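**Student:** The sequence shown begins at -13 in my numbering and counts up one residue at a time.
Calculated directly from the structure, the hints in this document are not laboratory data.
Wrong hints could be hidden among the right ones.
[Said to hold, decoys possible] Okay, derived cross-link-like pairs now, PhoX-like style, lysine-lysine, Cα gap no bigger than 25 Å in a straight line:
#1 K102 <-> K129
#2 K229 <-> K269
#3 K106 <-> K185
[Unchecked claim] Ranges of calculated distance between the beta carbons of each label pair, as one might list FRET restraints:
#4 S71 <-> D200: 38 to 46 Å
#5 N270 <-> Q36: 30 to 38 Å
#6 P105 <-> D196: 29 to 37 Å
#7 Q186 <-> K100: 17 to 25 Å
#8 D38 <-> N141: 21 to 29 Å
#9 E230 <-> Q186: 19 to 27 Å
Since this is a predicted model, take the numbers as computed values, not measurements.
All C-beta atoms, glycine included, are put in the ideal place defined by N, C-alpha and C.
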Amino acid sequence: MKVSGFTFIKNAILYDYPIVEAIRSILPICDEVVVAVGKSEDDTRNLIAQIDPKVRIIDTVWDESLREGGRVLAVETDKAFQAVSADSDWAFYIQGDEVIHEKYLDEVYQNMDKWKDHPKVEGLLFNYLHFYGSYDYVGSSLKWYSHEIRVVRNNESIYSFRDAQGFKIGNNRRLRVKPLDAYMYHYGWVKDPRAMQRKQENFQKHWHDDQWIDQNVVKASEYDYSNIDALKPFESSHPSVMKERLKRMNWQFDFDMSKNKSTPKEKMKLFIKNKLGIETGYKNYRVI
-13 MKVSGFTFIK
-3 NAILYDYPIV
7 EAIRSILPIC
17 DEVVVAVGKS
27 EDDTRNLIAQ
37 IDPKVRIIDT
47 VWDESLREGG
57 RVLAVETDKA
67 FQAVSADSDW
77 AFYIQGDEVI
87 HEKYLDEVYQ
97 NMDKWKDHPK
107 VEGLLFNYLH
117 FYGSYDYVGS
127 SLKWYSHEIR
137 VVRNNESIYS
147 FRDAQGFKIG
157 NNRRLRVKPL
167 DAYMYHYGWV
177 KDPRAMQRKQ
187 ENFQKHWHDD
197 QWIDQNVVKA
207 SEYDYSNIDA
217 LKPFESSHPS
227 VMKERLKRMN
237 WQFDFDMSKN
247 KSTPKEKMKL
257 FIKNKLGIET
267 GYKNYRVI
């Protein structure tokens, strides 16, 4: 069985993405990792090139005219996916702010092997933890997506969907997937408040025009993490590849859980999800 990892990145240093940790977290079960490196304002390309001999870079230029729905992120994802080796059975996708804990790698690899010769299984579905403000809190409201596809069959009919959150196949069909007992750790909302502010001011350009940004994105030197609805403490371990990054944390964020906010409707949905294991709402995949 051959496995290719794939991802995309741009301005990793400027916006403090844990892309090195992301790639290193999947390397143990990948025969190669294809990285679409966008033309950057920093030394991102050299950062990626030094990670490991299994990393293969393709140089790209982002289409800055794509300013609706984060479409450019899906385009860059597809560039990386289309560059994976043709003889790979599976492609393991990871975004620049995601890391998988080493304790889940066996689960992922065993399921790849288990379903390799079952073509009806087109992807593998991960659970998600979304860290916010610091490495000690995760989002607990329904605003955070709880599952996403991160392993897909190496099929040229599969493509990245919307803002690269998930995948579709053929004529907009949802992928048939098997769920994993594994979590992806999303660190996109944990970084130095100055870097987070820079990211917010820049990243919104992939969703909105300049007028919207001027009216809705607060200009500040640091991001204000206090504007959040609900969090819960994270009391387990982080992936080993994150060890040095955790040590470098140089800001403080504390949250009073008694101030968690949710509407009666949200509370009911959370009860159904947490107690009965039933999730409501649209899913861009089909569990089989």
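**Student:** Quick one: which hint numbers does this structure break? Sort them smallest to largest.
**Tutor:** 1, 2, 3, 6, 7
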